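In order, the protein sequence lines correspond to chains Z and D. Residue numbering for the first sequence follows the working numbering, starting at -17 and increasing by one per position. Residue numbering for the second sequence follows the working numbering, starting at 19 and increasing by one per position.
Hints listed in this document are in silico derivations from the structure and should not be mistaken for laboratory results. Keep in mind that this is a model prediction, so the values were computed, not measured. Misleading hints may appear alongside valid ones.
Chain Z side only, calculated, beta carbon under 10 Å to chain D, not exhaustive [said to hold, decoys possible]:
no.	residue
1	P185
2	R186
3	L188
4	R189
5	G191
6	Y193
7	G194
8	L195
9	G196
10	A197
11	T198
12	V202
13	P209
14	R302
Positions of the beta carbon are idealized from the N, C-alpha and C atoms, including for glycine.
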Amino acid sequence: MALSDVPVTPTASTGTGPSPEFMAAMRTHPTKRLRERLIIMALGLAAAVSLVTTAAIIVVLVGESIPFFQDVSIREFLFETEWQPLFEPVSFGVWELVAGTMNIVLWSMAIALPIGLASAIYLSEYAHGRTRRILKPLLEALAAVPTIVYAYFGLTFISLDILKPLLGDSISVFNALAASIVMAIMLIPTIASISEDAMAAVPRELREGAYGLGATRLEVATMVVLPAALSGVIASVLLAVARVVGETMIVAVIAGQTPNLTLSPLESIQTMTSYMFQVGLGDAARGGVEYRSLFAVGLMLFLMTLTFNVAAAWFVRRFREEYV
Amino acid sequence: MPDVRTPAPQVTPRPTGRVSVPAGIERVMEDRKANEYTPPEPAALTVRDLDFYYGSRRALAGIDLQFPEKMITALIGPSGCGKSTLLRCLNRMNDLIEGSRVDGEIEYHGLNLYDRGVDPVEVRRRIGMVFQKPNPFPKSIYDNVIFGARVNGFRGNADELVERSLRQAALWDEVKDDLKKSGLALSGGQQQRLCIARALAVEPEIILMDEPCSALDPIATLKIEELMRELAEHYTIIIVTHNMQQAARVSDYTAFLLAGEAGSGEVIEYGPTEEIFANPRDKRTEDYITGRFG
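So here's chain Z without its partners, still in its complex pose (with noise of 0.2 Å):
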C-alpha cells in the first residue's frame, strides 16, 4: 500500500489537530506521484536499450551459427587449419583467420603500448601545466581521424611508399605490418590519453613521498605512479585492443584478404573481421554455408573480446596497488 493511500489523519495526541490546509499539503499529490513514475520508467527503457541490444546480438550470434555448426563440425571449425570457404576443396579452419586477428593486435600492440604509455608518463609527469593543455587535445584529435581515412593513407603512403622501398620483395603489398603501424597510430592517442587521465588522479601527496625518498621523476612515474593507475592503464589497452579486434577497414584495405596462418608482419592476411566484411559485399548467398559462417565467425569474435575482457579484470585485481 503506498504511503498516499492512508488517510493522514491527526494523532490522538494532538489535540486539536492540524488544520486542513497542512493535512492537504502534506499529502502525497497523485499527479505528482505519476510523474515520478513515467520518468522512472523513461529512465529505465533507455538503460535497457543497450541490454536488450547485446541480448539480441547474443541470440541472433548464436540462433545462425546453430545451422551453420550443423553443416560444419565444431571439430572442422576449431581444428583444421585451413579457411577455405570460396574454393573446393571447402574448409572451415578458423585458425588462420584467428591468427590474423591475433597478428594484427600482437605488432600494433607492440608499437602502441610502449608509445602510448611513454606519451601519458610525459604528459602526466614532466610536461608543464600548459604544453599539457596544448598538447593532449591535439593528441586526442588523431582519434577522430575516420578509419577509412587511416586505411588509405596506410596503403598508399605506410605501405608503398615506405615499407615496399624498405624491405622490397620480402614484404606483401598487401601486408600485416603496414595495417598494424596505421592502428598503432589510431590507438596511441587512447592510451595516452586515458592513462593520463589516471595516472593525474594519482595522490600528489604519494608521488612527493617518493621524492622525498630521493627518487627521479622516472623512478616516481614507474614504480609509483604507474602501478596505483593500474585500472585505468589496463583499460585504456582493453580499450585498444578491442578496437584492434573489431577494426574493419584499415585490414580489410591494408593487410590483405589471404587467410594465412602466421604471426608474421611480412605477410598479407585475413583477420576475422575482414572475412566479415568481404562476405558481406555479396559474395555469398544468404541462408548458404559461407554466409552462415560470418555468424560462426562473429561469435569466436564476440568470444575472444570476452575472455580479453575477463582477463584484463583479474590482471587489475592481481596487480593494482590501491590507494584510498
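Given chain Z's structure and the hints, the job is docking chain D onto it.
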C-alpha cells in the same frame, strides 16, 4: 578526537632575577634583534637571506636561520606564515611546484643547495621528509621501507635494513609478523611511523617533518614525539608544528615565523626553545605563544 592543542602552553616561570624587569624595558635593553640568533656549531643547514616566490607572490622574505646538528628545531607560527614553505625549501621539494623560485642560499656542508649543478634528487636523499598526512605507498610494509633504498641503488642485505629501520621507528614489534601486509592497512600513527622508517632506511642526515602529528590522536602523537627525541641522537630534525605544546616538549630550538604586511613570511624570533617560551623578546611571539592570536 581529544585535542591536545587547546590548552595554553605551560610557561615555565621566568628566572627570579629577571622578573622585576618589566617586559617592555627588557626589550629595549636588548640590542640584539629577536630573530638574530646563532645556535651552537656545528650547523647542519644554514639559510641565508632566502626569498621564495610562488609565481609573483613572495611567500618568504629574507629568511636567515641556522639549524644546529643533531638537535630538534621547531618552526612555529600561524597558518600562512610560510613555515611549511620554508621546510620544503630545505630539501628542494618546492622545485616540484611549477612557477616557484628561490633567491638566496642554503648552505649544507659548505655547499649551496641551490647552486646550479646540485642534483635535487641527491639533496632529498640526504635530507629526508615526513609529511603532514601519512602517505605510505600502496605497497607492502616491506616494500615501503625498502623503496627509498632501492631507488638509491642499495645493494646490501634488504631484510636487515628493513628490520633496522622499523626498529628505529619503533614499529618493528607491531608489524614484524606481517611485513607483507599493505602499508595502508596500518593505523594512522603506525602509518606515520612507517613513513619515518621509510625515510630512515635511506640513511639521511637531516629529517624534515611537516606537522607529522596533525592527523594523529594524542597517544600516537606522544609516540612520535618520543621517537623524535630518540632520533635526535643521530639525526638533525627540523619540524613544523601548529602545536605549541609539541614544540615546547620536543624541540631544542624554536623559530617563530609570521607573515609580514606584504604576506611574506619572516622569522620574528629564534632561540633556544626554553627561552622562546619562557621569555619571548618580541611582543608578537609572546602574543602567539600565549594564544592571543593564531
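Hint check:
1. Hint on P185 of chain Z holds. Least Cβ distance to chain D is approximately 8 Å, under the 10 Å limit.
2. A hinted interface residue such as R186 of chain Z counts as satisfied when its beta carbon comes closer than 10 Å to some beta carbon of chain D; here the least separation is about 9 Å, so the hint holds.
3. About 6 Å separates the beta-carbon of L188 of chain Z from the nearest beta-carbon of chain D, less than 10 Å, and the hint is met.
4. Residue-level restraint check for R189 of chain Z holds (minimum Cβ-Cβ distance to chain D is 8 Å; threshold 10 Å).
5. Interface restraint check: G191 of chain Z against chain D, minimum CB-CB distance 4 Å, threshold 10 Å, status holds.
6. The interface hint given for Y193 of chain Z holds, since its Cβ lies 6 Å from the closest Cβ of chain D, which is under the 10 Å cut-off.
7. Taken as an interface hint, G194 of chain Z checks out: its beta carbon lies about 4 Å from the nearest beta carbon of chain D, inside 10 Å.
8. For L195 of chain Z, the interface hint holds, since its Cβ comes within 10 Å of a Cβ in chain D; the closest pair sits about 3 Å apart.
9. Interface restraint check for G196 of chain Z: the shortest CB-CB distance to chain D comes to about 3 Å, inside 10 Å, so the restraint holds.
10. For A197 of chain Z, the interface hint holds, the least distance from its beta-carbon to any beta-carbon of chain D being 4 Å, beneath 10 Å.
11. With a cut of 10 Å, the hint placing T198 of chain Z at the interface with chain D holds, because the nearest CB-to-CB distance is about 5 Å.
12. With a cut of 10 Å, the hint placing V202 of chain Z at the interface with chain D holds, because the nearest CB-to-CB distance is about 9 Å.
13. Interface hint status for P209 of chain Z: upheld, as the beta-carbon distance to the closest one in chain D is roughly 8 Å, under 10 Å.
14. Hint status for R302 of chain Z relative to chain D: holds, with the closest Cβ pair at about 8 Å, below 10 Å.
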